[in-house]
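Undergrad: This is what each chain is made of:
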Amino acid sequence: MARIIVVTSGKGGVGKTTTSAAIAMGLAKKGHKTAVIDFDVGLRNLDLIMGCERRVVYDFINVINGEASLNQALIKDKNCNLLYILAASQTRDKDALSQEGVGKVLEDLSKDFKYIVCDSPAGIERGAHLAMYFADDAFVVTNPEVSSVRDSDRMLGILSSKSRRAEQNKEPIKEYLLLTRYSPERVKLGEMLSVDDVQEILSLHLLGVIPESKSVLNASNSGIPVILDEKSDAGQAYADIVARYLGENKPHRFIDDKKGFFGKLFGGK
Amino acid sequence: MSQDAQKTPYNPPALEFKSSTFSVPVLVISSNDLIIIEQQLQAKVLLAPEFFKNSPLVLDIQELNKQSIEIDVVAVIEVIRKLGLLPIGIRGGDALQNEKAIALGIPLHSIHTSSTTIDAKKPKTLTPEPETKDLLQTGTTVITQPIRSGQRVYAAGDLVIIAQVSAGTEILAEGNIHVYGTLRGRALAGVQGNTEARIFCTDLQAELISIAGNYKISEDLNPSIRNTPVQIYLDKQTLVIKEI
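Residue numbers (my numbering), protein chains in the order written: chain A, 827 to 1095; chain B, 981 to 1224.
Keep in mind that the hints were calculated from the coordinates and are not lab data.
Values in this document were obtained by computation on a predicted structure and should not be read as measured data.
Take these hints with a grain of salt, some might be off.
As the list claims (entries may be wrong) - With beta-carbon atoms standing in for the labels, derived distance ranges:
id : chain 1 : residue 1 : chain 2 : residue 2 : range
1  : B       : S1198     : A       : E933      : 44 to 50 Å
2  : B       : V1025     : A       : K930      : 43 to 49 Å
3  : A       : M827      : B       : Q1022     : 51 to 57 Å
4  : B       : E1199     : A       : E997      : 39 to 45 Å
5  : B       : F1031     : A       : A1069     : 38 to 44 Å
6  : A       : E997      : B       : D1013     : 18 to 24 Å
7  : A       : E971      : B       : F997      : 58 to 64 Å
8  : B       : P1005     : A       : E1011     : 56 to 62 Å
9  : A       : A992      : B       : D1074     : 29 to 35 Å
10 : A       : R1079     : B       : D1013     : 58 to 64 Å
11 : A       : Q994      : B       : E1030     : 34 to 40 Å
12 : B       : Q1022     : A       : E893      : 57 to 63 Å
13 : B       : E1199     : A       : R1079     : 38 to 44 Å
Note that the Cβ used here is the ideal one computed from N, Cα and C, for glycine as well.
Only chain A is shown next, with the shape it has when bound in the complex (with noise of 0.2 Å):
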């Protein structure tokens, strides 16, 4: 039975495509068979961040509605072939989405694959309802500041209320948080919230902080996931949240102001 992951927000803008390509690749390039699937229906992004957009012949809608198998619509990654990416459609809306549908699908590929990462879209209507409807893991997206943690925790709610796992009474979903874009010089300057502060309103197990790069805007534009890109601090970042997740022991790092010209002179801390 494959493990099936969403990444949410609430929030739109927060980064949860780029997450949820990165923790994809990153899973699949650590040797597990991975999905992942664009619950954005009719705002259709995934691909484009993943660098297939020229290769989607079928989509999501297409499988649900039973116009194509899954194996056609399922796209195999040029970087990493345990990775296969399946496209929303950009011609449809949410409604189409079904919860019969997509409870099939995941049934299928979890006979196939180890883990399913589901792209949420924004909001908290039917596309969002549906992408966390079956999961087992939920990676809530924040960014630090208010409102983005306002929303992450509406999404909370709702994770443990109206999940498949809340409506059978199992073991409830397994909530981590990932903060993303963070600044540690604007945290140090008031102008951002702290790691602390947004852990002491969600009170959640944190997997990682992702910072402020140019690098993520770079990969997003080029299509490759910015995990592939192992220079980048962010792309590090990615690294060390899907091998914490996988059970292996890594500091957090990226929380603490980089070291600026004075502060390597005197070594310091």
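Given the structure of chain A, go ahead and fit chain B onto it with the hints provided.
TA: Then chain B, alone, in the frame of chain A:
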């Protein structure tokens, strides 16, 4: 005030049997290591000593029996009592365990949601403990999970939350509200007009507090009592917030 009113004994002329439902915390045990059980239970009790003091509790050993792990019921009950809790029932036990429980005066409860245990006889509530009976008179709802933004909780009696209450939530109770954690949402006690109801919390950052319809919004709260443990009660239509 309110405590005194509740303690007044109710003395009917003769006796009468009535049916009533109570919410009582259930302690689900998943290990048979008495030392670990004692340590972990003690840690929980220390989180909210006032709440757990003399609290009634039902012991659930279904998980252990499912996995065929042996457990000494008598010893576990001893541990629970030692920590100041009062076991008033057991469920999910086998015939021998049930027999031992009955011998200690602990009634058996059946599990409604599953059919895994074979309750041959159903010797329910043979010897209810007289001292714990009074404690059952409170209809208390206990919540141990965080209340997340957008969620709403309503309790017909008292409401006890042993977790944080996030901003953008609404917790309502006809009786008192206790929050052992940060209270950031809206808390409304005595919603059916009980002016004796109170709100207790260990860290006040609420958006709104109300007792029997008398409310204060966050902006009107004195900054000195923010982020402190407080109790809130009504004194002649005025909300009083006192540090505790």
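Undergrad: Range first: 56 to 62 Å. Now tell me if the beta carbons of P1005/B and E1011/A are that far apart.
TA: violated, 47 Å
Undergrad: Okay, F1031/B versus A1069/A on CB: inside 38 to 44 Å?
TA: Hint holds: Cβ distance 40 Å, inside 38 to 44 Å.
Undergrad: Can you let me know if the beta-carbon spacing of R1079/A and D1013/B is within 58 to 64 Å?
TA: violated, 37 Å
Undergrad: I want to verify a distance hint. Is the separation of the beta carbons of E1199/B and E997/A within 39 to 45 Å?
TA: holds, 41 Å
Undergrad: Is 43 to 49 Å a correct range for the gap between the Cβ atoms of V1025/B and K930/A?
TA: Holds, since V1025/B and K930/A (Cβ atoms, about 47 Å apart) stay within the stated range.
Undergrad: Could you check the hint for me, namely that E997/A and D1013/B are 18 to 24 Å apart, CB to CB?
TA: holds, 21 Å
Undergrad: Holds or violated: 58 to 64 Å for the Cβ distance of E971/A and F997/B?
TA: holds, 59 Å
Undergrad: Look at the Cβ atoms of Q994/A and E1030/B and judge whether their distance stays inside 34 to 40 Å.
TA: holds, 35 Å
Undergrad: Is the distance from the Cβ of M827/A to the Cβ of Q1022/B consistent with 51 to 57 Å?
TA: Given range 51 to 57 Å: violated, Cβ gap about 37 Å.
Undergrad: Are S1198/B and E933/A spaced within 44 to 50 Å by their CB atoms?
TA: With a Cβ separation near 47 Å, S1198/B and E933/A satisfy 44 to 50 Å, so the hint holds.
Undergrad: Should the hint that E1199/B and R1079/A are 38 to 44 Å apart at their CB atoms be regarded as holding?
TA: Cβ of E1199/B to Cβ of R1079/A: about 40 Å, so the range 38 to 44 Å holds.
Undergrad: Lying within 29 to 35 Å: is that true of the beta-carbon distance A992/A to D1074/B?
TA: holds, 30 Å
The structure is inconsistent with the numbered hints 3, 8 and 10, although it conforms to all the rest.
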